[in-house]
Amino acid sequence: MKHTISILVENHFGSFDRVATMFSGKGFNIRSISIGETEIEDISRMTIVTQGDAQLIDQVVKQLNRLIDTIKVVDLSHAPRVERELALIKVNISKGSMEEIKNLCDIFRGNIVDITNRSMTIEVTGPPDKVDAAVNVLAPFGIKEMARSGIVALQRGEQTKIKKKQNIT
Amino acid sequence: MKKENKLLSGADIFFECLKHEKVEYIFGYPGGSVLKLYEHLYDVDFLKHILVRHEQGAVHAAEGYAKASGKVGVVLVTSGPGATNTVTGIADAYMDSVPIVVFTGQVPSHLIGNDAFQEADIVGITRPITKHNFLVRDVKDLALTIRKAFFIASTGRPGPVVVDLPKDVIASNCEFEYPEDVDLRGYKPNYKGHSNQIKKAAEIISKAKKPLLYVGGGVIMSGGANELALFARENKLPVTMTLQGLGAFPGTDELSLGMLGMHGTYWANQAVNNCDVLVSLGARFDDRVTGKTDTFATGAYKIHVDIDPTCIDKNVVVDLPIVGDVKHILAEIASEMPRTPDTDDWLSQINEWRDECPLHYEDNDGRLRTEFVIEKISEKTKGNAVVITDVGQHQMWTAQYFKYNYPRSNITSGGLGTMGFSVPASIGASFAVKDRPIISISGDGGFQMNIQELITASYYKVPVKFFIINNNFLGMVRQWQELFHAEKYSFTDLSLSNPDFVKVGEAFNIESFSTDNPKDVDGLLEKAFSINDRPVLVEFKVVKEDMVFPMVPSGGSISDMIVKRLNPKRMI
Ligand SMILES: Cc1ncc(C[n+]2csc(CCOP(=O)(O)OP(=O)(O)O)c2C)c(N)n1
Chain A
1 MKHTISILVE
11 NHFGSFDRVA
21 TMFSGKGFNI
31 RSISIGETEI
41 EDISRMTIVT
51 QGDAQLIDQV
61 VKQLNRLIDT
71 IKVVDLSHAP
81 RVERELALIK
91 VNISKGSMEE
101 IKNLCDIFRG
111 NIVDITNRSM
121 TIEVTGPPDK
131 VDAAVNVLAP
141 FGIKEMARSG
151 IVALQRGEQT
161 KIKKKQNIT
Chain B
1001 MKKENKLLSG
1011 ADIFFECLKH
1021 EKVEYIFGYP
1031 GGSVLKLYEH
1041 LYDVDFLKHI
1051 LVRHEQGAVH
1061 AAEGYAKASG
1071 KVGVVLVTSG
1081 PGATNTVTGI
1091 ADAYMDSVPI
1101 VVFTGQVPSH
1111 LIGNDAFQEA
1121 DIVGITRPIT
1131 KHNFLVRDVK
1141 DLALTIRKAF
1151 FIASTGRPGP
1161 VVVDLPKDVI
1171 ASNCEFEYPE
1181 DVDLRGYKPN
1191 YKGHSNQIKK
1201 AAEIISKAKK
1211 PLLYVGGGVI
1221 MSGGANELAL
1231 FARENKLPVT
1241 MTLQGLGAFP
1251 GTDELSLGML
1261 GMHGTYWANQ
1271 AVNNCDVLVS
1281 LGARFDDRVT
1291 GKTDTFATGA
1301 YKIHVDIDPT
1311 CIDKNVVVDL
1321 PIVGDVKHIL
1331 AEIASEMPRT
1341 PDTDDWLSQI
1351 NEWRDECPLH
1361 YEDNDGRLRT
1371 EFVIEKISEK
1381 TKGNAVVITD
1391 VGQHQMWTAQ
1401 YFKYNYPRSN
1411 ITSGGLGTMG
1421 FSVPASIGAS
1431 FAVKDRPIIS
1441 ISGDGGFQMN
1451 IQELITASYY
1461 KVPVKFFIIN
1471 NNFLGMVRQW
1481 QELFHAEKYS
1491 FTDLSLSNPD
1501 FVKVGEAFNI
1511 ESFSTDNPKD
1521 VDGLLEKAFS
1531 INDRPVLVEF
1541 KVVKEDMVFP
1551 MVPSGGSISD
1561 MIVKRLNPKR
1571 MI
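Chains A and B are the protein sequences, given in the same order. Heads up: the first sequence at position 88 corresponds to 88 in my numbering, and the numbers run straight through without jumps. Take the position in the second sequence, starting the count at 1, then add 1000; the result is the number in my numbering.
Calculated directly from the structure, the hints in this document are not laboratory data. Glycine included, each C-beta is placed from N, C-alpha and C at the ideal position. Be a bit skeptical, because a hint or two may be false.
[As the list claims (entries may be wrong)] Straight-line alpha carbon distances no greater than 30 Å define the calculated DSSO-like cross-link-like pairs of lysine-lysine that follow:
no., chain 1, residue 1, chain 2, residue 2
1, B, Lys-1527, A, Lys-26
2, A, Lys-2, B, Lys-1488
3, B, Lys-1403, A, Lys-26
4, B, Lys-1199, B, Lys-1403
5, B, Lys-1382, B, Lys-1292
6, B, Lys-1192, B, Lys-1022
7, B, Lys-1519, A, Lys-72
[Said to hold, decoys possible] Some residues of chain A that are not near chain B, with every Cβ distance over 10 Å (derived):
no., residue
8, Phe-13
9, Gly-14
10, Thr-21
11, Met-22
12, Gly-25
13, Gln-55
14, Asp-69
15, Ile-71
16, Ile-101
17, Ile-107
18, Asp-132
19, Ala-139
20, Ile-143
21, Gly-150
22, Leu-154
23, Gly-157
[Stated by the list, open to error] Per label pair, the in silico range of CB-to-CB distance:
no., chain 1, residue 1, chain 2, residue 2, range
24, A, Asp-132, B, Ser-1109, 53 to 63 Å
25, A, Asp-53, B, Ala-1507, 52 to 62 Å
26, B, Asp-1121, A, Asp-132, 32 to 42 Å
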């Protein structure tokens, strides 16, 4: 099963690398990873999508907690949450296909952010399955290039303040 | 917080911090990037710098010191090759949870990333093998970083910490203020176990018919050996130990089953297989202990006490986890016990297993054997010594035949299995322990892996007894070749390529002896134990074809245990 894990880390030298190194060193896989600023200046949020059974995910969370630079680790998979991803999709266009692509783009509430004679770049934002669907319907036109941001996620509702970690070594 | 307002250099701050941390010894080797520190070291008198001959030796020495004393071992090396030479030792300390702080020199900040002379990204290289590591980028951060490094290394589940010190940081000045407190928001070790879980554990143990304590190095590190002895004796609970756990409970106590696992005793492994409650204390269900996990203690209710939550449910899923300091938790479980369990039948069952398949070796052909030598050393010292083994057959035989009676008397490379560990680690241990003999036991292979440290031993006149078990083979590998690799003794025969160990010892200015006769052993040990103001070396030339039994083949079940040579005639 896929799990979305949200990690607050110290925003300093080497801390993202430490998280990534732990994943590769332990043989855990990373489906996507995104890193960005938070409301607190020296804390960043990493959102990692990984996959595995319950025992493995339990290990992933514990191993993340064990890192000195991680401040809070939450497996959001069972929590009510908002997940978003952004994709930039560059598709081939021809006279015949323009209209159709524009229509599809509207259905997904995408934006056309760049256009040339031969290609068009569409920006799609939304839950990851919506982005997947957009990619799927655009694929037959020929995707020249694509960039996906990876998932960012937050728990719904009131969020508790950053608590100190417990039970770590 | 006391304020000392004058400007200090990074190098001054470095030594001020070490003074506050009560560092007594640094194991180190100088070089370009740390020259400024060595310049100051020249006049430092509150600690002693031990000059090793290879940086790997410095790290193992610091490990030996840390394991023997329970304090943090400290290493100082230069950048680039000095730093990369420490990597094996750091990995070793990580696997065995040894508290050390390794200070590495680094090229000046403005050259980092430029492929400068003697630059290596040691923080990147050691990231997966340290508990944590730091690159100090500003002299203002130096004191707090050193404080954090010692704090992280020595608390929770201990481990190695690397602090990388660019040359310019050491040379710049700032005001010094010793940071009394450290507060790491991402690091709060949890020592106190959950009280309901503790009550439940006591309840379950007290009702057990066939309980077993499975004890690892964590009991020794937490200082919980007394609590363990009280708990086990009061409740008549049999105790088996991992390689790192040996010494946590007296090997001569009748409740001790010795070591379990791959080369564990038959009765310890039978007890694991048949117990109804298995209480793991500061151990991590390592594959050398469990063999095939599907068949490990399948019938038992498993209680797991450990300070590191990642150890829980990692290899074996347990029924009752308790996260915290094993010393305190043991004492609490003991005080919560509603009644003592009735274990008489269980203990007599274990004794039947003991008689069924005792440890055994050939002793009537007049040839010298490792087991005999170890038994003699054990008798001679009554277990009251610090024994530092290397890696291989002699290590397993020592684990089987040496009766460790005290915590911190057994120092060995367990997790990483680093050949070349014993010689430098014993030197480190000798600085920590002055009132007991320090005994280094190595194979002929491993002895040569850090052989350069013999001169460190002889220069500092450390009273280490270097015992070489020379079977003229990379014995443990030979054993696997015989058992599992079609008896192809590929590149393990050293009989034509070993040096003359007595001459080696003498070249390093160490009085050295050799024998292949069992009758000489008492006399030579007498001699070796009479020399206490300098090192001494004894080579025991033992038979080459012996194997360590019993043995549970890698990944096998306890029922796959081999108890003696399958085919005694097919020997080299
Ligand atoms: C640095 C290192 N290299 C290789 C090995 C693999 N290895 C494990 S045991 C062993 C043989 C050790 O031989 P020796 O030191 O003579 O001890 P013995 O087994 O004969 O007692 C080897 C090569 C290792 N553990 N460490």
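With 10 Å as the threshold, tell me whether A:Gly-157 passes as away from chain B on beta-carbon distances. holds (24 Å)
Taking 30 Å as the top limit, are the C-alpha atoms of B:Lys-1527 and A:Lys-26 close enough? violated (50 Å)
Are all C-beta atoms of chain B more than 10 Å from that of A:Thr-21? Violated: least Cβ distance 5 Å, not greater than 10 Å.
Beyond 10 Å on every Cβ pair: is that true for A:Gly-150 relative to chain B? Given a closest Cβ separation of 22 Å, the condition holds.
Over 10 Å from every CB of chain B: does A:Ile-71 meet that, or does the non-interface label fail? violated (5 Å)
Taking the shortest Cβ-to-Cβ distance between A:Asp-69 and chain B, state whether it exceeds 10 Å. Since the minimum Cβ distance to chain B is about 6 Å, A:Asp-69 lies within 10 Å and the statement is violated.
Since A:Ala-139 was said not to touch the interface, does its Cβ keep a gap of more than 10 Å from each Cβ of chain B? holds (38 Å)
Could you let me know if the closest chain B CB is still more than 10 Å away from the CB of A:Asp-132? holds (33 Å)
Between B:Lys-1199 and B:Lys-1403, does the CA-CA distance stay at or below 30 Å? Roughly 33 Å between the alpha carbons, so the hint for B:Lys-1199 and B:Lys-1403 is violated.
Mind checking the alpha carbons of A:Lys-2 and B:Lys-1488 for me, to see if they're no more than 30 Å apart? It is violated: about 47 Å lies between the C-alpha atoms, which goes past 30 Å.
Is the nearest CB of chain B more than 10 Å from the CB of A:Gly-25? violated (4 Å)
When you look at the beta carbon of A:Met-22, is every beta carbon of chain B farther off than 10 Å? Since the minimum Cβ distance to chain B is about 7 Å, A:Met-22 lies within 10 Å and the statement is violated.
Violated hints, in rising order: 1, 2, 3, 4, 5, 7, 8, 9, 10, 11, 12, 13, 14, 15 and 24; the structure is consistent with all others.
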